[in-house]
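Enquirer: Same order as they appear, the protein sequences are chains A and B.
Quick note: the first sequence uses the working numbering, first residue 1, plus one each step.
Quick note: the second sequence uses the working numbering, first residue 1, plus one each step.
Careful: at least some of the hints might be erroneous.
[Claimed, not checked] Derived DSSO-like pairs (lysine-lysine); straight-line CA-CA distance at most 27 Å:
1) K489(B) with K305(B)
2) K451(B) with K107(B)
3) K445(A) with K159(A)
4) K445(A) with K357(A)
5) K374(A) with K112(B)
6) K30(B) with K110(B)
7) K107(B) with K453(B)
8) K453(B) with K110(B)
9) K37(A) with K159(A)
10) K374(A) with K169(B)
11) K107(B) with K374(A)
12) K112(B) with K445(A)
13) K166(A) with K358(A)
14) K39(A) with K357(A)
15) K110(B) with K445(A)
16) K110(B) with K374(A)
17) K451(B) with K375(B)
18) K451(B) with K110(B)
19) K445(A) with K28(B)
20) K374(A) with K30(B)
21) K412(B) with K305(B)
22) K374(A) with K357(A)
23) K28(B) with K374(A)
24) K489(B) with K281(B)
25) K358(A) with K445(A)
26) K281(B) with K412(B)
27) K478(B) with K412(B)
[To be verified] Sample of chain A residues lacking proximity to chain B, with all beta carbon distances greater than 10 Å (derived):
28) A52
29) F60
30) N210
[Claimed, not checked] Simulated DEER-style distance windows between Cβ atoms:
31) W415(A) with H363(B): 46 to 56 Å
32) T196(B) with V296(A): 37 to 47 Å
33) I299(A) with L423(B): 41 to 51 Å
34) N328(A) with W218(B): 21 to 31 Å
35) G27(B) with L450(A): 12 to 22 Å
36) N72(A) with F14(B): 31 to 41 Å
FYI, nobody ran anything at the bench for these hints, they're computed from the structure.
Predicted, not measured: the structure shown is a model, and the values here were computed from it.
For glycine and all other residues, C-beta sits at the position ideal for the given N, C-alpha and C.
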Amino acid sequence: MMMTIVPPIVNLKSILPELVVVITALVVLLFDLALAKDKKTPLAVLSLLGLALSLIFSIFMWRGDVSAYAFNQLIVIDRFTLFFNSLFIVATFITLLISINYLREEGINYGEYYALVLLATVGMMIMAKANDLIIVFLGLETLSISIYVLVGFLRTNVKSNESSLKYFLLGAFSSAFLLYGIALVYGATGTTKLPDIARYIESTPHLLSNPLLLTAVGFLIVGFGFKVALVPFHMWTPDVYEGAPTSITAFMSVGVKAAAFSAFLRVFLSSFSQLRADWMMILWALAVLTMTLGNVVAIIQENIKRMLAYSSIAHAGYILVAMTAGGNLATTSIIYYLMAYTLMNLGAFAVVILYGKKGEENILISDYAGAGFKYPFLSVAMAIFMFSLAGIPPLAGFIGKFYIFSAAVKQGFIWLTIIAVLNSLVAVYYYLRVTVVMYMREPVKEVGHLSFPISMIIALLITTFFTLHMGILPSSYLQLARESIAILM
Amino acid sequence: MSIVSFDILSVITFLPVLGILLIIGIGKEKHNVIKGITLLTALVNFLISLILYRDFNLTTHRFQFTTNVPWIRGYGINYHVGIDGISLFLILLTTFLTVISVIACWKDIKEKVKGFMICLLFLETGMIGVFVSLDLFLFYIFWEVMLIPMYLLIGVWGAPARRIYAAVKFFIYTMFGSLLMLVAILVIYFYNYSVTGVYTFDIEQLYQLSIPYGTQIWLFLAFALAFAIKVPMFPFHTWLPDAHTEAPTVGSVLLAAVLLKMGTYGFLRFNLPLFPEATLKFVPLISILALIGIIYGAMVCIVQKDLKRLIAFSSVSHLGFVVLGIFALNIQGLEGGILQMLNHGFSTGALFLIVGMIYERRHTRMIEEFGGLSKVMPVYATLFMIVTLSSIGLPGLNGFVGEFLILLGTFKSNMVYAVIAALGVILAAVYMLWMFQRVMFGEVTKEENRKLKDLSLREIIVLLPLIFFIFQIGVYPKPFLSRMDASVKHLIAQVELKAGRKSAEGARMVYIIDPDQVKQGE
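With the hints as constraints, model all of the structure from the sequences given.
Expert: Okay, structure coming up:
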């Protein structure tokens with residue numbers, strides 16, 4: 001009966017933000033043909049406009065009283081999805097800003113880059129909107145396939161090719177795990193719809209100890225764990241992050257991670273919340289492993305991209321601490337943390353791109369020696385991002401960690417919190433090292449003249465502003481986080 | 001108090017930030033303009049902070065000049081600032097020494113002046129913020145923020161050889177303690193919620209809480225670790241000699257005079273009133289560590305070859321006295337401890353300045369490189385002598401009053417501790433006078449020392465205010481002690497009442513105090 005009442009046009013409206021991005025991607029591809037080689041910057045502007053339009057639609061949908069299913073309940077529109085949509089759009093927006101000049105310098109200024117980034121964004125948005133495990137998988141694959149290509153975008157660079165192949169092979173492997181998990185869930189519960197799974201488990205108590213379902217949960221953890229780079233499923237991360245074009249590394253470290261978490265959160269906190277006792281201990285252990293390995297190995301990295309890669313593993317670990325703890329505050333803190341992490345990490349990568357120059361000339365941490373007083377504003381921005389990532393107040397990263405730790409303490413996970421704070425101490429060491437090198441070491445080599453293109457300056461201003469603002473006046477962001485998870489609770 | 005209609009504490013806290021914003025706008029080559037603005041900011045801030053002294057109401061233990069506005073809604077985090085008799089002088093000390101520091105580094109700092117001055121002002125904001133915060137969250141923010149400028153001061157402008165090592169060690173050590181404190185803060189926060197149903201970090205409200213004994217022990221330890229590292233107490237003191245030795249002169253001055261006091265201040269503000277039962281339980285442990293610090297610090301001083309390292313280790317010994325006084329838990333001990341915090345600020349601050357002055361001239365701090373300086377630099381020798389005697393605790397100078405009160409208080413609570421601590425006073429005389437003798441008296445053995453210039457007018461101006469206070473506190477400490485009285489008495493009452501040791505005096509005092517709090521609550 002529902003089917004007859006709801007006309008298709010309403011359905012299209014429900015995916016308006018995604019549609020805008022898809023159409024932008026297609027227009028970019030078409031328009032690409034009309035532009036001369038190496039003059040592709042208008043495509044970036046076009047993509048940015050499309051993203052802005054999509055963001056506006058998302059905000060409008062947020063304003064309305066939203067909580068609806070569409071496409072025969074395959075997708076769900078609520079504030080949780082709209083929040084993530086907006087986060088992905090912002091992340092993509094900044095990624096494109098920091099890409100423009102980078103692509104030109106590296107000689108890979110092709111139209112396909114923009115189209116693929118936009119399509120990856122669509123994949124993320126679908127993942128967040130999924131109300132059905134199949135749609136989660138669909139979004140994940142849309143996302144992943146675009147990223148496989150983007151990672152190898154530096155065609156003539158061996159490292160880039162290697163990392164693309166590596167990511168593709170391991171990614172395919174992990175997708176298989178996820179798909180197998182989905183199949184087992186279907187086998188155990190007879191449905192792939194997220195709310196139905198929850199209801200089925202609730203009404204069938206004996207399922208709680210059903211090995212089929214437990215195996216399924218394990219497989220899903222492996223599948224998601226791969227995408228968010230949890231230890232021990234993180235092996236691909238450093239190599240892929242190092243080999244990929246830096247702008248794509250930035251995009252992966254925030255966008256892909258956030259997208260995987262959006263699905264991870266929804267599946268585990270709504271569908272499998274009854275099984276909490278079972279998966280909680282696994283996540284506890286994964287959180288400890290992920291934080292510790294990420295942080296400890298980051299210490300010895302010389303290449304700043306690798307350092308940020310390992311540190312991004314550690315950040316996933318902090319988020320996992322909150323997932324382990326569970327509860328309202330924990331989910332709010334995850335949302336806040338993802339926001340903060342997205343902005344500060346993109347900011348850090350913006351500096352890495354700007355400072356790295358053509359062909360990643362200055363990619364070692366030691367290359368930053370003497371930058372502090374030579375490029376005062378760039379270095380202050382980098383110092384802010386580093387201190388924020390390290391969790392030093394009054395910056396966004398501190399508030400994020402603070403709420404994650406409070407959530408864990410609130411639920412009584414004191415030991416997990418202590419392990420987490422000791423880990424952030426380790427993190428302080430390697431983030432501090434960047435500032436040590438920038439401000440306290442004498443330059444070891446001639447860095448040469450840096451150019452500051454306008455797109456880069458805008459990206460740095462946005463990220464610096466929010467890193468500070470989210471840290472000093474976090475009330476409104478926390479409110480936003482609370483509203484966006486209201487539906488899950 | 002009524003004359004001040006503006007929020008004076010916030011002005012004092014954030015005025016340096018205004019100075020920073022001005023400095024950012026100035027070209028980095030204009031050294032004198034930058035220094036001028038810094039000096040002006042520091043001076044104006046000091047003058048404003050004198051209003052606190054004038055308008056301070058010494059009849060009440062309650063927090064004064066308070067401001068309380070919501071900051072992060074829904075989580076009970078407020079911007080709540082205020083001072084009492086314990087924090088008043090620490091704030092004055094901070095604003096005062098910042099002015100002295102700016103004048104002191106006028107000639108020393110020749111490179112990266114802009115960055116240096118920005119760090120100095122940033123540090124001032126952080127330090128004052130720690131002392132005025134009445135909200136645990138706010139306190140933690142300032143506590144951490146203040147690390148960054150000090151870390152940069154040591155790491156960028158420190159002695160070339162080991163500055164980076166010292167800076168990173170300083171940062172990591174302090175972070176280690178404070179992160180565990182953060183966990184403890186969260187535990188209190190949620191415990192308070194489970195009891196009262198209110199989310200708050202406000203320490204005035206948390207003071208009302210009685211935490212179960214078992215939990216108190218852990219919380220006490222977590223807080224105490226953070227503060228013990230900061231003080232630093234034996235065996236957490238190893239960052240201090242490095243940081244002090246490698247830091248530029250004014251870095252050492254502010255580190256010794258103000259930053260170390262944050263640890264002892266933390267004990268007074270948080271450990272004692274929040275965890276009274278645990279405090280009583282840990283009196284022996286903390287006192288013995290303090291005693292080890294006193295004796296060990298002094299013994300290590302005797303064998304030091306480097307002047308700056310010697311003074312650094314003497315801080316371990318002096319701060320041991322402060323902690324001992326605080327944990328005597330009686331009025332003499334506490335007031336002596338707080339006074340000694342100031343004394344140490346003046347004396348050790350002055351000592352670091354004095355060593356800095358000779359280092360500027362000779363570019364060495366080794367004691368063996370000097371000798372007979374009193375003949376070459378008579379003014380320098382005189383001022384150095386006064387400060388040395390103040391550090392030893394000669395009657396008539398400030399150190400004596402503080403140490404005497406501490407020993408008196410300790411004697412009342414535990415005679416053995418007092419006897420051992422008195423030994424530290426003797427050792428202090430040994431290492432300070434021996435050092436002074438080797439540097440100042442005898443024949444001039446090194447040729448380079450013959451041509452040394454005596455102090456310039458600027459250097460005398462830097463030292464004279466400190467020496468004024470050395471005499472002032474030594475001869476007439478009443479203006480200082482009288483302002484602490486009410487707060488210290490209340491603190492003791494808080495500990496005793498909550499720890500269930502209702503002595504007749506304590507109980508009476510609390511009875512008088514409680515109706516006030518009810519009124520205030522309304």
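Enquirer: Against this structure, judge whether each hint is valid.
Expert: Taking the hints in turn, this is what the structure says about them:
1. For the hint pairing K489(B) with K305(B), the CA-to-CA distance comes to about 43 Å; that exceeds 27 Å, so the pair is violated.
2. For the hint pairing K451(B) with K107(B), the CA-to-CA distance comes to about 20 Å; that is within 27 Å, so the pair holds.
3. The straight-line distance between the Cα atoms of K445(A) and K159(A) is roughly 24 Å, inside the 27 Å bound, and the hint therefore holds.
4. Of the pairs offered as hints, the one joining K445(A) and K357(A) holds, with about 14 Å between alpha carbons and a cut-off of 27 Å not exceeded.
5. Distance restraint check for K374(A) and K112(B): the Cα-Cα separation of roughly 11 Å lies within the 27 Å cut-off, and the hinted pair is therefore satisfied.
6. Taken as a hint, the K30(B) and K110(B) pair is honoured in the structure, with Cα atoms around 12 Å apart against an allowance of 27 Å.
7. About 15 Å separates the Cα atoms of K107(B) and K453(B), which keeps this hinted pair within 27 Å; it holds.
8. Taking the CA atoms of K453(B) and K110(B), the gap is about 20 Å. The hint holds against a cut of 27 Å.
9. Restraint check for K37(A) and K159(A): the C-alpha separation of about 25 Å stays at or below 27 Å, so the hint holds.
10. Taking the CA atoms of K374(A) and K169(B), the gap is about 26 Å. The hint holds against a cut of 27 Å.
11. At roughly 23 Å between alpha-carbon atoms, K107(B) and K374(A) fall within 27 Å of each other, so this suggested pair holds.
12. The suggested pairing of K112(B) with K445(A) holds, with an alpha-carbon distance near 20 Å, which does not exceed 27 Å.
13. With a C-alpha separation of about 24 Å, the suggested pair K166(A) and K358(A) falls inside the 27 Å cut-off, and the hint holds.
14. This hinted pair checks out: K39(A) and K357(A) have alpha carbons roughly 20 Å apart, not beyond 27 Å.
15. In summary, the hint linking K110(B) to K445(A) is supported, as the alpha carbons are separated by about 24 Å, within the 27 Å threshold.
16. Distance hint between K110(B) and K374(A) is fulfilled; the C-alpha atoms sit about 17 Å from each other, no more than 27 Å.
17. A distance of roughly 11 Å separates the Cα atoms of K451(B) and K375(B); the hinted pair therefore holds under the 27 Å criterion.
18. Distance check on the hinted pair: K451(B) and K110(B) sit about 23 Å apart at the alpha-carbon level, within 27 Å; holds.
19. Taking the CA atoms of K445(A) and K28(B), the gap is about 24 Å. The hint holds against a cut of 27 Å.
20. Our distance criterion of 27 Å between C-alpha atoms is met by K374(A) and K30(B), whose separation comes to about 17 Å.
21. A C-alpha spacing of about 38 Å is found between K412(B) and K305(B), which places the hinted pair above 27 Å, so the restraint is violated.
22. At roughly 16 Å between alpha-carbon atoms, K374(A) and K357(A) fall within 27 Å of each other, so this suggested pair holds.
23. The hinted pair formed by K28(B) and K374(A) meets the criterion: a straight-line CA distance of about 11 Å does not exceed 27 Å.
24. A threshold of 27 Å between alpha carbons decides the hint, and for K489(B) with K281(B) the separation of about 20 Å falls inside it, so the pair holds.
25. Of the supplied pair hints, the one linking K358(A) and K445(A) holds, its CA atoms being roughly 16 Å apart against a limit of 27 Å.
26. Under the criterion of a C-alpha separation no larger than 27 Å, the hint pairing K281(B) with K412(B) is consistent with the structure, at around 18 Å.
27. Taken as a hint, the K478(B) and K412(B) pair is honoured in the structure, with Cα atoms around 22 Å apart against an allowance of 27 Å.
28. Consistency note on A52(A): stated as away from chain B, and its beta-carbon is indeed over 10 Å from all of that chain's, at 30 Å minimum.
29. Once the 10 Å rule is applied to beta carbons, F60(A) is consistent with being away from chain B; the minimum gap is 26 Å.
30. Taking the minimum C-beta to C-beta distance to chain B, about 35 Å, the non-interface status of N210(A) holds against the 10 Å cut.
31. Separated by about 51 Å at the C-beta atoms, W415(A) and H363(B) satisfy the suggested range of 46 to 56 Å.
32. Between T196(B) and V296(A) the beta carbons are some 40 Å apart, a value that agrees with the proposed interval 37 to 47 Å.
33. For the hinted restraint 41 to 51 Å between I299(A) and L423(B), the CB-CB distance of approximately 44 Å keeps it satisfied.
34. One distance hint, 21 to 31 Å for the beta-carbon pair N328(A) and W218(B), holds here, with the actual separation near 26 Å.
35. For G27(B) paired with L450(A), a C-beta distance near 20 Å keeps the hint of 12 to 22 Å intact.
36. For N72(A) and F14(B), the hinted distance range of 31 to 41 Å is not satisfied, since their beta carbons lie about 57 Å from each other.
Checked against the numbered hints listed earlier, the structure breaks hints 1, 21, 36; every other hint is satisfied.
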